[in-house]
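Following the hints, position chains P, R and G with the ligands against chain U.
Protein sequence lines correspond, in order, to chains U, P, R and G.
In terms of the numbering used here, the first sequence opens at residue 1 and continues consecutively.
In terms of the numbering used here, the second sequence opens at residue 1 and continues consecutively.
In terms of the numbering used here, the third sequence opens at residue 1 and continues consecutively.
In terms of the numbering used here, the fourth sequence opens at residue 1 and continues consecutively.
It is worth saying that the hints were derived from the structure and are not from the lab.
A virtual CB, placed ideally from N, CA and C, is assigned to each residue, including glycine.
Among these hints, one or two may not hold up.
[Said to hold, decoys possible] Computed cross-link-like contacts, EDC-like style, restricted to lysine to aspartate or glutamate with a CA-CA straight-line distance of at most 20 Å:
#1 Lys430/G to Asp16/P
#2 Lys362/P to Glu444/P
#3 Lys362/U to Glu50/P
#4 Lys249/P to Asp147/G
#5 Lys430/R to Asp223/U
#6 Lys325/P to Glu180/G
#7 Lys188/P to Glu421/P
#8 Lys249/P to Asp23/G
#9 Lys231/P to Asp197/P
[As the list claims (entries may be wrong)] Label-pair ranges, simulated between beta-carbon atoms:
#10 Asp185/P to Pro182/G: 50 to 56 Å
#11 Lys481/G to Thr460/R: 30 to 36 Å
#12 Lys38/U to Ala440/P: 30 to 36 Å
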Amino acid sequence: MPFIPHTEAETKTMLDAIGVDSIEQLFDEIPAELRINKLSNVPVAMSEMEIGRLMSDRAEQDAHLQCFIGAGSYEHHIPAAVWEITTRGEFYSAYTPYQAEASQGTLQLLYEYQTMMAEIMVMEVSNASLYDGGSALAEAVLMAVRSQRKKTAKRIIMPRAVNPNYRRTVRSIVSSQNIELIEVDYDKASGQIVIEDGCADNNDISALIIPQPNFFGVIEEVDALTNWAHKHNILVIGVVNPIAMQLLKAPGQWGESGADIVCGEGQPLGIPLSSGGPYFGFMCCKEKFVRQMPGRIIGRTVDVEGKQGFSLTLQAREQHIRRSKATSNICTNQGLMVTAATIHMSLLGADGLARVAAASHKNTLSLITAISKIDGVKVAFNNPCFHESVIQLARPASEVLDELIQYGILGGYDLSKDYPELGNAIVICATETKTDADIAAYSEAMHAVMHDLPIASNDQ
Amino acid sequence: MPFIPHTEAETKTMLDAIGVDSIEQLFDEIPAELRINKLSNVPVAMSEMEIGRLMSDRAEQDAHLQCFIGAGSYEHHIPAAVWEITTRGEFYSAYTPYQAEASQGTLQLLYEYQTMMAEIMVMEVSNASLYDGGSALAEAVLMAVRSQRKKTAKRIIMPRAVNPNYRRTVRSIVSSQNIELIEVDYDKASGQIVIEDGCADNNDISALIIPQPNFFGVIEEVDALTNWAHKHNILVIGVVNPIAMQLLKAPGQWGESGADIVCGEGQPLGIPLSSGGPYFGFMCCKEKFVRQMPGRIIGRTVDVEGKQGFSLTLQAREQHIRRSKATSNICTNQGLMVTAATIHMSLLGADGLARVAAASHKNTLSLITAISKIDGVKVAFNNPCFHESVIQLARPASEVLDELIQYGILGGYDLSKDYPELGNAIVICATETKTDADIAAYSEAMHAVMHDLPIASNDQ
Amino acid sequence: MLIFEHSVDKRRNPSQSPRDMADISDLPQSCLRETAPKLPAVSEMQTVRHYTRLSQKNFSIDTQFYPLGSCTMKYNPRACNKYAMLPGLLRKHPLTPAKYNQGTLACLYELQEMLKDVTGMKEVSLSPMAGAQGEFAGVAMIRAYHDARNDDVRSEILVPDAAHGTNPATAVMCGYKAREIPTDKNGDVDLDALRAAVGPQTAGIMLTNPSTLGVFERKIAEIAKIIHEAGGLLYYDGANLNAILGKVRPGDMGFDVIHMNLHKTFSTPHGGGGPGAGPVGVSERLVPYLPVPMVTYDDKSYRIISEDDCPNTIGRLSAHMGNTGVLLRAYIYARLLGAEGMVRVADYATLNANYMMVRLKEKGFDMAYPERRATHEFILTLKKQAKELGVTAMDIAKRILDYGFHAPTTYFPLLVPECFLIEPTETESKYELDAFIEAMAEILQECHRDAEMVKAAPHTLPVRRLDDVRAARQLDLVWKKNA
Amino acid sequence: MLIFEHSVDKRRNPSQSPRDMADISDLPQSCLRETAPKLPAVSEMQTVRHYTRLSQKNFSIDTQFYPLGSCTMKYNPRACNKYAMLPGLLRKHPLTPAKYNQGTLACLYELQEMLKDVTGMKEVSLSPMAGAQGEFAGVAMIRAYHDARNDDVRSEILVPDAAHGTNPATAVMCGYKAREIPTDKNGDVDLDALRAAVGPQTAGIMLTNPSTLGVFERKIAEIAKIIHEAGGLLYYDGANLNAILGKVRPGDMGFDVIHMNLHKTFSTPHGGGGPGAGPVGVSERLVPYLPVPMVTYDDKSYRIISEDDCPNTIGRLSAHMGNTGVLLRAYIYARLLGAEGMVRVADYATLNANYMMVRLKEKGFDMAYPERRATHEFILTLKKQAKELGVTAMDIAKRILDYGFHAPTTYFPLLVPECFLIEPTETESKYELDAFIEAMAEILQECHRDAEMVKAAPHTLPVRRLDDVRAARQLDLVWKKNA
Ligand SMILES: Cc1ncc(COP(=O)(O)O)c(C=O)c1O
Ligand SMILES: Cc1ncc(COP(=O)(O)O)c(C=O)c1O
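If we strip away everything but chain U, and leave its shape as in the complex, we get (with noise of 0.2 Å):
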């Protein structure tokens, strides 16, 4: 019986002390007419040797296509040490710390991540996670109004340049708690968020959101709107990129005050793209907010004998006490996911962390400046972009990026249904994974495809 290993002998012991003839009879409770007795559409068991083939199989389907996709997610060089580490047994296998004594190695690894999250964004504190970028902003935006229970309405603005599935996500968390969600455009020219000016005007706003940077790629002028958002009671909500804020301005200095809470998707730092998970969502904030925090929160403190230990803290927040006053519904977490971003934060350090960011800026920078030389490729904002940009193209984009896969390209992700606006647009990321002749290779493809040039043999 696959995992189970009782032999038939230790069965019959076992109902022998309980005082029944059959396995069946614990089942008496449940009304017969209830009960059924097969699965109709779960196949046979497979051995391990015949899953491991057929997921190898399907794992070889189109593995080898070079990845110009970031839009959220982003492929970094992940070092070996990361995984092999996060998968050993005691992390893998352990459940939610409880039994803070038993579960010191997990405690002590999320102070340090939290520890290391408030010091990239420069703020007093941070959770242990949340699911994912997406929805550590809803979370964030719930929080904020909590914040803000002075406020005579709950509007949040969310400006269009935020990732638009974080958007929807957001729009399908929040919707059942009358909070509107106010979207603001963005500068046709620079790709910047534009916030008219009077919109403020009636004081019932509650938080502004910024992307730094934002979906396009292009970098915000964090400083004014901060500025702005807190000259007018709005709290700032951050929602960055971690790699990128090795080399921009962290959060916490943004502006005179910083922003109030930040949040994010932490996969850039060491998890695979996956198929989109599991990532893990960031969450940090100025320290008078930490009670209105979501998720789990270590704390470091003492045993009875003095010395240093780590457990779980402010769980007056949390449902399993709060229940229906909790800040939120949370409970399993991303854990661990965050025991590979903390390694991997470990093993490259700051250093290592800004040479992928300055990497990835430069190669992407190096892409679009050739791709834009080609005929009917243009770049569609003048503004500095980080290390994603929108390229407009004179041909659909659908129909470039499916024939790119004939070179073996993904070759960015269509915004033609977002931003219906931009026309063919397409937004692109060449992050440190990319060698030269990867870009290269792209902008021959490129070149090809909007010039109709038959596709170059592979075999040489």
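Here is chains P, R and G with the ligands on its own, set in the frame of chain U:
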């Protein structure tokens, strides 16, 4: 500096403590005329990302051939748990367990391994590994000679039906010690060893090597051979496949008193094919020979409080104690491979390994039954085989094998160099990893190759 | 020691990043940060050693028996991890067009189909990222259903007092009031109280069955009737699905919507806190509201269903398909079990729990519901010991750690005083159960012999008992040099 | 507990083997075994838990400082393991024709080339599976060389008394007598004794340089001259190559043949005893005798050189290319270091050793060769402590374990009484070295304060001091039920 933690400041402090100005000065005892200052044929450093990509590209080359070669190395299913646990740092990065108290993990595991091997072989004792099957056989020959000091000469019967690469290895290793290796032939019809009657008349033969199954996959008459040897005061060295031993009579039960020394290749017990290594050699023997055994041996003992513990024992056989009088010069062995094999045997159990053995036998039988129906393909020997069989072809073997590659099939091992008398012969193997579809694909491909049909298209 | 304390300024680990620091002078100075974050500057070996040693300070399924009730700490097959982490799968960008990611989608689609069968629901969406998010999706669908019918007076979700904290918290996140329903003395929902509470304001009820009290709610059909007649819907919290896999299906019990905790029943790892996966299944009437994306199969290929295909969806709960890698692990696990293996999960999880319950009774422990069968878990109350010997459930839990076992869940459900919720799971052998039972018996002796020693437990772990009050009062959430 | 003690008859672990037991009735009954071996019958989780917990009982580089002299316990980069274990590489059958295994062969060929450069030898063969097998290959080549010249009176190999045990043992395996040469008081080979020992019977000498005494043999040129003039050859035991990587090359010192321990200098893991890799390099005149197989490159492809190409080879030492997977790890490591990184290995290994030597001297320890520079390792003698306090090197070694460090090598080389051979390696930080130095100082205090406690060490490990005598006298090598 890759893997070196020193900062400039630390280096300075350390140099000051030593009282020198530079690291260079620490090399001042090396005669200046011998010093070099750089390496000219070592390329500049790669980052882990770069070497990862290089290795991935190299690993992809020809990565998807279906392998029907056995000939000493066998593709078997290996549970995921085997290498996930084996490569845990505590096993992976420990040294030989010289400090027993700090190495109880490895030591207990090795003791368990010894027990498992002794069980499989039905022998009294086992060592903790030798390098591989071939060198283990060489050590067995040396051990037999040492155990037969009364013999007038050092002669060993090493049948031609033993793996040719093992025979080469034995020859290289024992050649300086005046040992004569007598190669006896096999029966052309059955593929079994034949020993001329008078060959033991001089009472100067130390040992007879019996392969089970032999290199042709043929099952030997081990009882008769063992009895014959013992009658002539010749020791029996079994060289066996550990998977086959799950079903075939164990060496300890051969004839009336069993084999004296048993050795072989441990690779089929959880070790990947990996272009030939690292594998591990195993060796078991009757207890009376244990002081002649080469390699590490672990014993169970107690600590000062009477608690069970494990340590290296009978070290007086070994080079680090006995130096020039040691039973062998072996020091580093294949500990990590034994770690994997022990976990593998524990995961499959006797029942699982027997199923693996039976399925491999059955698959090979299905395959040879299918292809021997093809014109120009015939089975070479009439005796039962275990999980390999020699096939004779109406066309040159190397040609046929090359053409099978076009169908994605590594079709077998060409015997023409080692056994020219067999003509266009190959030895083939289908382990439990092969599905009915794989076997059918081989047989169709063989049909096409032998009849010169065009290659079927792969895309459907 | 913290990783930061190994750090030395200017130390670099050059193998792990680009050789050169690329020029970024094209970026305006004003947008750049002035000082780098103070991440640890440690060597690769220091990192490996530090985190390897930290890992050894954890209890885990791979090292200890872990009978944490409601959490289903069973063996996480290593194959699930290995094959979900094949490079070809990890490399896939979530925005890869479906036609170039058929391998992953095939697994997800087949998982959806299997989960439909196991739950008896009409359709399944995989994207919620944990149980609580599944609950959110479920209650949001209940809301969407009522809204679509312009039934806008429904303002309450009923929740038994034994419910997990996520249930009431979820109701509130969906804009409802959570109203508690008491439990009767046998662990069933108090039907009279339920009848009294139900009304036109009732949007639905959230139930776990078997409940978190370790017993099967026998009157489920009647409860369904009461709720449905009032126009409410039934939500099934699938955290305890392990108890009934292949035995009885939430869909057949009358539930309208269910979430599953794949990280419990489908054995994906808990990872020291997550990730999980909380797919939701629904009956016919809630199908239009399922969260996107989902996977469908047509014309020989797999396709992603998004907002465009589902105008009434409650929307998207994450940027993509949720915790895909977790779903792949669950898929592999399901295929390894097969139909027969799944049924056996419930069989042996139940056998183990009932065996432990009976044997612990013999050893002198009191059960919260002694007249009931255990399901896959059961509750023991240490009320008597607390009163007579002054040792609490917490004390005994800490002492269990000294014996090399993880403690059961303590003080949940809240309504049973000084309780242990014990869930052995099907993957533990009789040997482990017996060893735990003996340890419990021995601890009971210790409580009589030397209660102070028990109250001072644990004695053999990396730290002694921690000061949680201090942790909350003197907040130290982020390490500071020289602090 | 042993894994066998978890075993219960008839338990199966079905995921790991074919569903059915295939029919084998075609095999004659007489060749079949009657009873299955009594391997453990345990579940997958029991196996995982048992071996995970066992692993935690080991000291290792990933968890402890491990200054085991002569063993070069440095960090084993995880990348080497990951990329040597890519499925495409593991899947390759050793008898795959070379043209279908170009990826692996490219790595091996490039490794050969790098090792040539590092050692200054003419050609390199990778196949020996550890240092000792490399030694065998080396001495066998020396023998083949003399044999080819019909120089058959040479019967002795000279070996310094400080040599590793494998050296004399190897000489004997190759049919030679091993003759010991004494060491002078500064740790150099006693040249007068050497001159006296050399003669027409001298086949060669085996030397380590730096020697196992932790010092560089300064008169190497003179030694080479003495041996060569007598018609003998020089063998270099490369165990200590870490000390001189990129600083001085054995080929330039006059050696004719060398083995390398890639599991030391090239950081492949020791794996609790192996596997290693012991490639050999030779000067021009020994090229014809190199062991096969080797890899060559021509016509844009890699080819395997076998017996057919090398009529004078000493032959084959394993069925295939030796420990290929280890060679791949060494290749990856070499590429990660690059030329500059390799030179730095010797720099910092030497810096660390000299620093420790100086600091330990300050703490009151005696060095065996106080006038000499340490190389990558050095020897400390506890003769005084043994005499004055009655604590042996073994006692102190065991006490070091209690402090969370692995002990240095003890009682080797044999000629230094009560010795520790200490090799920190370049991958340890100053912090770790200082912690070890402080621990040593503290233990020295303990020896004065409470020698009995030190003699009873270790106190904090899974077992106390083990009875080795009993292990050898009452042999218990194989577990038996009810034994
Ligand atoms: C009964 C019950 N419901 C819901 C949950 C919440 O699930 P998750 O932690 O996956 O969000 C849990 C988890 O502990 C639970 O036990
Ligand atoms: C100096 C010296 N020579 C030779 C060897 C033998 O090498 P191996 O253990 O790889 O066979 C060793 C290993 O400890 C050694 O230290």
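Check each numbered hint from earlier against the structure, then list the numbers of those it violates in ascending order.
4 and 5
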